[in-house]
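Residue numbers (numbering that gives the first Met the number 0), protein chains in the order written: chain A, 0 to 127; chain B, 0 to 154.
Please keep in mind that the hints were generated in silico from the structure rather than gathered at the bench. Just so it is clear, the structure is predicted and the values come from calculations on it, not from any experiment. Certain hints may be false.
[Said to hold, decoys possible] Output of the computed footprint for chain B on chain A, the stretches with three or more beta carbons under 8 angstroms from beta carbons of chain B:
| no. | segment |
| --- | --- |
| 1 | 9–15 |
| 2 | 90–100 |
| 3 | 109–116 |
[As the list claims (entries may be wrong)] If you anchor each label on the Cβ, the simulated ranges turn out as follows:
| no. | chain 1 | residue 1 | chain 2 | residue 2 | range |
| --- | --- | --- | --- | --- | --- |
| 4 | B | Ala35 | A | Asp1 | 52 to 62 angstroms |
| 5 | A | Val61 | B | Ile104 | 26 to 36 angstroms |
| 6 | B | Leu129 | A | Leu29 | 44 to 54 angstroms |
| 7 | B | Glu23 | A | Ala92 | 18 to 28 angstroms |
| 8 | A | Val95 | B | Gly121 | 41 to 51 angstroms |
| 9 | B | Gln52 | A | Lys78 | 38 to 48 angstroms |
[To be verified] Cross-link-like lysine-lysine pairs, in silico, DSSO-like; alpha carbons within 27 angstroms at most:
| no. | chain 1 | residue 1 | chain 2 | residue 2 |
| --- | --- | --- | --- | --- |
| 10 | A | Lys30 | B | Lys80 |
| 11 | B | Lys19 | A | Lys116 |
| 12 | B | Lys64 | B | Lys147 |
| 13 | A | Lys116 | A | Lys69 |
| 14 | B | Lys147 | B | Lys72 |
| 15 | B | Lys19 | B | Lys147 |
| 16 | B | Lys103 | B | Lys19 |
| 17 | B | Lys103 | B | Lys147 |
| 18 | A | Lys30 | A | Lys78 |
| 19 | B | Lys72 | A | Lys116 |
| 20 | A | Lys116 | B | Lys103 |
| 21 | A | Lys116 | A | Lys30 |
| 22 | A | Lys116 | A | Lys78 |
| 23 | B | Lys64 | B | Lys80 |
| 24 | B | Lys72 | A | Lys30 |
Backbone N, C-alpha and C fix where the C-beta goes; we use that ideal spot for every residue, glycine too.
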Amino acid sequence: MDSVRALIVDDSSVMRKIVERCLRQAGIELKQVLEAGNGAEALSVLQDNAVDLILCDINMPVMDGLEFVKQLSGVPNAKGVPVVMITTEGSEAHVVQAISAGARGYIRKPFTAEQVKEHVIPVLAGKS
Amino acid sequence: MSATHDSHENWMPLMEVAAKEVFELMLSCQLTSPDAVDDSPMAVTAMVGLAGQLCGVLSFCCSEKAATLMTSKMLGVDLEKAGPELSDALGEICNMVAGNFKNKIAGLGDGCMLSPPTVITGSDYDMHSLADSPGLEIRLLFEGMPIKVTLQIHS
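So here's chain A without its partners, still in its complex pose (with noise of 0.2 angstroms):
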């Protein structure tokens, strides 16, 4: 697998770090990582840099997860970009709006590397 430029998106610095060290103990070579404290701030970020993997919380302030993943379409950076989302609200209507939104995967905190790994792994080979 290439190296992966991975944009993580949450209110929490200390979640944006577990996010990114549990992408590099699931084996994936990263090659830039950027981060964005909500989805008005993501956005802004794909304004100007083009990357592989957004992981993204869905509860946060200013924009939430759900709000940013459908405004994602008109972006040109984040054409085809896959979408993990990583977040608290487990229930199954969350991963049904997620997934209808536009996400490629839902992972539950708390998490372990492992989990992220067979999440990730799938999506950036474009299997899921």
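With chain A's structure known, arrange chain B on it following the hints.
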């Protein structure tokens, strides 16, 4: 004690499992049950509000020493580098315990929303809840240090 509170007491084992899973998965450590209640001061309190089918506040309390070690383990950094991230880390732990707990109760996963976490440091304060029933409280040990998880339930 109301019938409602009787039924809520059945949630205490779920609170315990929810907390234990968060520590096992995110901090790679086991919480254990204390032999006796330790009432030593807990200087860090993280709180997450619940709204919807269940209204209330879930709080997570521990000492500053325990909070620093939790942050260190969560981030995989040395203790001396954990301080600046302590509030964020404890807020996330509380958020995950609350989310994991509600997802274990049928109907609450969809029907109950979580607020962003709030973290208070310092132990010289009184908390007055408008909850209409006594809170549910579990006490556990993290690396031998006491932690307390409380759920104050509003109607």
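Against the structure, the hints come out as follows:
1. 9–15: It holds: at least three residues are needed, and the segment 9–15 of chain A offers 5 whose Cβ sits within less than 8 angstroms of chain B.
2. 90–100: holds (count 4)
3. 109–116: holds (count 3)
4. B/Ala35 x A/Asp1: 52 to 62 angstroms: holds, 56 angstroms
5. A/Val61 x B/Ile104: 26 to 36 angstroms: Cβ of A/Val61 to Cβ of B/Ile104: about 30 angstroms, so the range 26 to 36 angstroms holds.
6. B/Leu129 x A/Leu29: 44 to 54 angstroms: Since B/Leu129 and A/Leu29 have Cβ atoms about 47 angstroms apart, the given range 44 to 54 angstroms holds.
7. B/Glu23 x A/Ala92: 18 to 28 angstroms: holds, 27 angstroms
8. A/Val95 x B/Gly121: 41 to 51 angstroms: holds, 42 angstroms
9. B/Gln52 x A/Lys78: 38 to 48 angstroms: Given range 38 to 48 angstroms: holds, Cβ gap about 39 angstroms.
10. A/Lys30 x B/Lys80: OK: A/Lys30 and B/Lys80 at ~25 angstroms, within 27 angstroms.
11. B/Lys19 x A/Lys116: It holds: about 22 angstroms lies between the C-alpha atoms, which stays within 27 angstroms.
12. B/Lys64 x B/Lys147: holds, 14 angstroms
13. A/Lys116 x A/Lys69: With Cα atoms ~25 angstroms apart, A/Lys116 and A/Lys69 stay inside 27 angstroms; holds.
14. B/Lys147 x B/Lys72: holds, 19 angstroms
15. B/Lys19 x B/Lys147: holds, 12 angstroms
16. B/Lys103 x B/Lys19: holds, 13 angstroms
17. B/Lys103 x B/Lys147: holds, 19 angstroms
18. A/Lys30 x A/Lys78: holds, 19 angstroms
19. B/Lys72 x A/Lys116: holds, 21 angstroms
20. A/Lys116 x B/Lys103: holds, 24 angstroms
21. A/Lys116 x A/Lys30: holds, 17 angstroms
22. A/Lys116 x A/Lys78: holds, 23 angstroms
23. B/Lys64 x B/Lys80: holds, 13 angstroms
24. B/Lys72 x A/Lys30: holds, 26 angstroms
When held up to the earlier numbered hints, the structure conflicts with none and fits them all.
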